[in-house]
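Peer 1: Chains as they are written, first to last, in my numbering: chain Y, 1 to 300; chain V, 1001 to 1488; chain W, 2001 to 2216; chain H, 3001 to 3657.
Just so you know, the hints here were simulated from the structure itself, not pulled from any lab data. Small disclaimer: the values here were computed from a predicted structure and weren't measured. Each residue gets a CB set at the ideal place from its N, CA and C atoms; glycine is no exception. It is possible that part of the hints are untrue.
These stretches of chain Y come out as covered by chain H in the derived footprint (C-beta under 8 Å, 3 or more residues) [stated by the list, open to error]:
#: 1; stretch: 89–96
#: 2; stretch: 223–232
As a list, the in silico DSSO-like pairs of lysine-lysine whose alpha-carbon atoms are at most 27 Å apart [as the list claims (entries may be wrong)]:
#: 3; chain 1: V; residue 1: K1360; chain 2: H; residue 2: K3156
#: 4; chain 1: V; residue 1: K1360; chain 2: W; residue 2: K2208
#: 5; chain 1: H; residue 1: K3186; chain 2: H; residue 2: K3107
#: 6; chain 1: V; residue 1: K1360; chain 2: H; residue 2: K3636
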Amino acid sequence: MLSGSILPLILAVMLAPLMQAVITRTKSVMAGRVGQPLLQPYWDLLKLLRKGAVYSNTTTWIFQMGPAVGLASVILAMALVPFGGLSAPFAFSGDFVLIAYLMGLGRFFTVLAALDTGSSFEGMGASREVTFSALAEPALFLGLAALARQTGLLSLSPVLAAISTVTWMHAAPILSLTLAGLIIVFLAENARIPVDDPTTHLELTMIHEVMVLDHSGPDFAMIQYGAALKMWLFAAIIIGVAAPWHLGNRLIDLGAALGAMLVLGIAAGIIESSMARLRLLRVPQLLLVAIVLSALALAL
Amino acid sequence: MIVLLIIIPASAGLAAFFIESDRLRRILLLATASAQTALSLTTWIVSPAPALGGWLAEDALGRLIETLTSVLFLAASFYAVAYLREERRQTHSDFEEGFLFSNAREASFTACLLFFLAAMTLVAVSQQLALLWVAVEATTLASAPLIYFHRHHRSLEATWKYLLICSVGIALALLGIFFLAVAATNPDGTTIPLTVQDLRSNAHHLNVPWFRAAFVLLLVGFGTKMGLAPFHTWLPDAHSEAPSVASALLSGALLNCAFLGILRAQEISVAGGLADFSDKLLLVFGLISMGVAAAFISGQTDYKRMLAYSSVEHMGILAVGVGLGGAAVFGAVLHVINHSLTKAMLFLVAGNFLAAYRTKNSAEVSGALSVLPVSGVLWLVGLLAITGSPPFGPFLSEFTILKAALDHGQIFVAVLYLVLLAIIMAAMAAPALAMAQGTPAADVKAAPQRGLALSVVPAMLGIAVLVMGVYVPPVLTRALREAAHLLG
Amino acid sequence: MSQLINSILILLVLTGFMLLSSSRLAACIRAIAIQGVLLGILAIAVQGRQLSMAGVLLPLSSAMVKGFVLPWMLLRAMREADTVREVEPLISYNLSIIAGTAALGLSLWLGHRLQLSSQLASSLLVPAAFFTSLVGMIVIASRRKALTQVLGYLALENGVYAFGAAVALRLPILVELGILLDVFVGVFVMGIAIFHISREFNHIDADKLQALTDRL
Amino acid sequence: MTALLISLLLFGTGAAGSLIFANRGRWPTFIGAGSVIVGSLFGIVPALRVALGAPPQSLRIAWDVPYGSLYFRLDALSAFFLLPIFLICALAALYGAQYLEAYRGRKALAPPWFFLNVLTASMVVVVLAHNAILFLTAWETMALSSFFLVTFEDEKESTRQAGWTYLVASHIGTAFLLVLFVLLSKANGSMDFDRFSASAGAGLLFVLALIGFGTKAGFVPLHVWLPEAHPAAPSHVSAVMSAVMIKTGIYGLLRILTFLGPPQAWWGWTLCAIGLTSGVLGVLLALAQHDLKRLLAYHSVENIGIIALGLGVGMVGLSAGAPFIAIAGFAGALLHVLNHALFKGLLFFGAGNVAHGTHTREIDRMGGLLRRMPGTGATFLIGAAAISGLPPLNGFISEFLIYLASFKGAVSLGASGNVPMLAALSGLALIGGLAAACFAKAFGIVFLGHPRTEDAEGAHEAGLAMLAPGFILAAGCIAIGLFGSAVVRSMAPLISTVTGLSLIPVGQNLAEASNSVARVGYFGAVLIGLATLLSLARRIALSPRRVATAETWGCGYASPSPRMQYTGASFAQPLTEIFAAFLQTHQSFTGLEEFFPQAAEFHTHTDDPYQSYVFRPLFRGISRGMTYLRPLQQGKVQLYVLYIAITLLALLLWQIS
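Extracted from the complex, chain Y is given alone in its bound form (with noise of 0.2 Å):
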């Protein structure tokens, strides 16, 4: 039944909120400030589990259920993520299609259950969510097709595997094409500057966040964790193809693969506080880049 380490999954559910507060920390170390400690998305989450809730009068079984499929969906992908040449606890042959439609799944009820508390707001981001995933998720797939396309392998895990530095030597283009357009899709999917700004509520330029506005208590908490499991897996995938340093020795690349999402994390910070937000309309024309580079990646 399990096909590799739970290693992964173990560490994903553990460090998630940390690479959050990397970004963060880089982005008001970049400001001059001397920015929040590291394990504040850990207290907040927990003094999220322990407040009351407030619930819209319009909202019904739908708004509740969000969340809760939410990570569930979420958490059962981080089950096929690999993770610094560890394979992950499942693999079969088709599986990132699983993880995209899981994500898909979240997606789907976050969305219903911004509509159900018919704030016009959160309709609006409601929109642009599945406007923006909606174009996200060709990229994506013609990304991991690429992949697929130069392992000649159908599952994420031995996928990441057999990406190694020789790869790279001698499908250097062709990689680098499709990380680019993973990290666009990364950016895109977890709600970061260029596209997002997950620092603000209110503006009407919001997407992500405003659609979260009626949500408190255990319900945010879940889905505040969810969003940093979800950065998380992409993080994986991509430090996956970035990084792919398999020296055998476990503890090495287990800690090569850490650095790097730390890096990710701190590059990630960079963007952000060196970075405008795109207009709104443009995010299309960014989507539209990615799915070119990935077609392109396969194309060559």
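Following the hints, complete the assembly by docking chains V, W and H onto the known chain Y.
Peer 2: Below, chains V, W and H without anything else, positioned relative to chain Y:
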């Protein structure tokens, strides 16, 4: 026995003139029609002996047409009786222009009906071409008064055109027959008698140029009567102005008789090995007729005219079928039956619509399904059948023709055939559906059809059309094979 | 003998032109009558030696009908409908005559194409007969009055009959009679129709008969 | 076979009975609905048996029509298509029995029952027929009976228009089939299927089949009748038409393929292209609709597109000699046929309940229905998730198979084959995203938030007979979602019938594919468990705390009103903006002027581009061209005689010289 088939209706017609009492005359009409049908059905069991030295004889083709005619006539006569009962009033107001008009004497109408039957029967059974010509001309003369039943200027105009154009056409046909006689004259002066049988058996001795000319003349002549474009011009007028029962007979029975004239010529040309020449002509005129029909059906606002043009279309289909030869001929002969039944039904239903809505403009008719449930349903059935959709008879025959066309590699013909059929279907469906469905205009009250026959007769025909679509009796198939065999 | 036949045929052609060119209805009717009589003679003439009883009686009767009965009926119809006695063509007389000439040329060509094997008939027969028929059609197509159209029909019929009389010797009596009867009844019915037309429109222009059309 | 004949007999008697007892109150309903249900129960047994590998059965009776024979054959392919037919028709009958009651008194209820029986019977015969004449007769009967069902509410102009479009479309489609069958039978005369052979160029035959059957299936651009007809029909009929009737087009295509021998590569490419266009355009047009049933109708186009993609991928695989790709592709496509039947039936039933409860089909006039129609809402949600291809439901399973096939193709096939594969991949991804967006809109706007109108305010839940079908189908969606692997493995006979590959390799490849499907199933189960666990956890976490309810936070806006909610149109607007080029949406806006603006109005409306830019102009052009001939019929008798004379002379000159 054959002679009886002609004598009975003729004498009945003569009698009808002088019978004063309407009841008696109507009974006579029904009785004659029934007797005729019974007699012609018996000819299927005991084939009658030829009469007048073989001039009157029933071959497969003749028997088919003759039986069909008498059956349709039976249906029509029942309908006619009910119809005439409704038309008893002295004066009627015309619904298009509002003037008052009267009908022709019922006596003469009935008499003409019977004469019409006699003449058509003669056409069906006469083997001698000149005699056949005489009979065809007689049908014109007998049916002209039927068209002029309603005494007003439009019907008069229709009658006049019918008379003149058909007479001209028929005259040409006579010339054709004379040409045939010339073609049948051997260099040594001996001549082949003008009976179908002899001409077929000696077809190879015919003088070819004369025969070609003869065939052209016969095609134009009988084609005029049959309603092939561009000789069809009388047809829509006559059908739209005649009382529906007459239209039904004209379309259902008369056209077949004219077609028979052409078929006889075709028999000879096939036997004489000139098929490819005559086939070409038939194909050309068949397709032209379908095209013209398509052109005039699309956007047609008068539903009786629409039906008339559909008759032109189907005559075209018959010509195409015969022109294709082979299995298509079987399809064509089968289509003769299907078209006659369907079209007769449609005209009778149209008559009911006319009575209820008092307009021939399809745009002003709506909700027939709720006003006249039976007629409404039959109208839809008829529409679907006539546009050749299963499970109705015409589909089978039209499909057989199409199959033959493709099997013979006549791709162009097949494609054109299908395209025209599709156009006609689309063009007919729009107004016909709008007539049956929807909500009726407020002023139209559900006119209670007094005469039960007015809805029962078309219903019978409708059932027949359906049956022909799902079951072609073997005996019929055999007869059709035989008939088709005559035409190569 | 063939001299006689040829001269008859030439006369037939001339009556055809007369029909095309004359402006008075009565004259046209007369032309038709003459044709009827000519045909009778022709029918007898072509039989040459072997004259039979029927062979004489039939042509005579047809000559009677076509030469006298029908013309009389038509004249009567004309009087009843007391209209203008003018022909009132749709095209000028000259044009009709030109059309006629064209028709003649066509008929000659046809006669050249279709040679009669029967040695009795003259080479003029086919052209003359065909020409007469064509004249009939020209008249129908180019004249305004319903009455004139009947005349045209008769001319057409005459042409056909002329041909028949010459070649179809062995057409049985019954058929001959039937044909004759049909022509007679046909014209009779047309006469009735004309009578009704004149009553309906108190005019016998076929122009009036244009209500039924699919013009848009 | 006998069981099937019995069920046909039952349908026949039901049809007759419902007419005979037309004016006996509820009798037609009982007879008509009863016959469909019982007949389906009779028929589904042998269908199931053969579908699961029992040997094919056939029955041939002489039939006295030209070229005709009553030749029925039940093989795996027919059996597989019979299953949804029987299931959906039975449920539709149950549903209709209550749905049509709303019309009692206003309309005659016997005809719809008559035609429903005829429709069911004809669909059954279509998939059983093994003789062209029989097939065509059943095919057209199917079209006609459904036509009469579509025009049930013929007092509406729009309905009549839809009816005409549908009738003409299916008629023209049939014309192509006529040619197709004739050409197939050309080689050896007989019209029986087993005598068919692709003597004429197989390519031509394929194209003919593609057009003829594509019209019924709703391939773009031949789909134009579909978004007209399905909304017009009563909901249970829409369900039957959309869930199973259009699938007979797919059946026909597959059946023909079995005569054409090994497919050529370009057939697969063509199908992929068609699938891509149908899928993307279908879902885009669906996004732009405001009418719930019209939206669903366009989703039928989309799903037919997905099926076509699967078939295309399969064919490319077959022609490239790559069994796994072929088998997975065909399996995905065929499974999607079944799945679409399940969730589309469910959705149309739900839409019917909504229309029934709110007396409108306008999405933007609804809202907050989940509280008023909990049962409908819950089932509709499942259907929505399933049609968007989300795990753990059945829609994902079939799409997963197609993904698997095309990933495999993209990986293993050379440049020759992998272009369609990549097209399928990215197409499926795009379609999936858009479909999710569209159903987020459909469910969210209809069932969630505040009611937008009094109609929605006063909506009421439908009766049991109208709810039960939804629940049954929802159960089906979940079942296939979890236990899909079993279904996939059992499809071996079917796939080998379609592909012509022998049973053993098919079985092996299917087993390989079904391993992944099994994993997906486990994940689905775990997902459900985990989700319930988490929601329990939050319940526990909340239990000691204070849980309050309040207004939705209006971001400080004082007095929000239901009319301020996002509407379906505004929800879809960003996407419709991006793809505006394909949609040609008409907008009308009476803008805000002056300092104290009057009430402003904004309308958007999206016609079917093919309808308004291709077919309508075409038909108009034809009829206009035809009118040029009208002057021929001048009414001048002189002219008419002239026609005769001229034609005669022309003929003589042509023939004699």
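Peer 1: Confirm or reject each hint.
Peer 2: Consistency of the hints with the structure:
no., hint, verdict
1, 89–96, "holds (count 5)"
2, 223–232, "violated (count 0)"
3, K1360(V) with K3156(H), "23 Å, holds"
4, K1360(V) with K2208(W), "22 Å, holds"
5, K3186(H) with K3107(H), "48 Å, violated"
6, K1360(V) with K3636(H), "22 Å, holds"
Going through the hint list in order, the structure does not satisfy hints 2 and 5.
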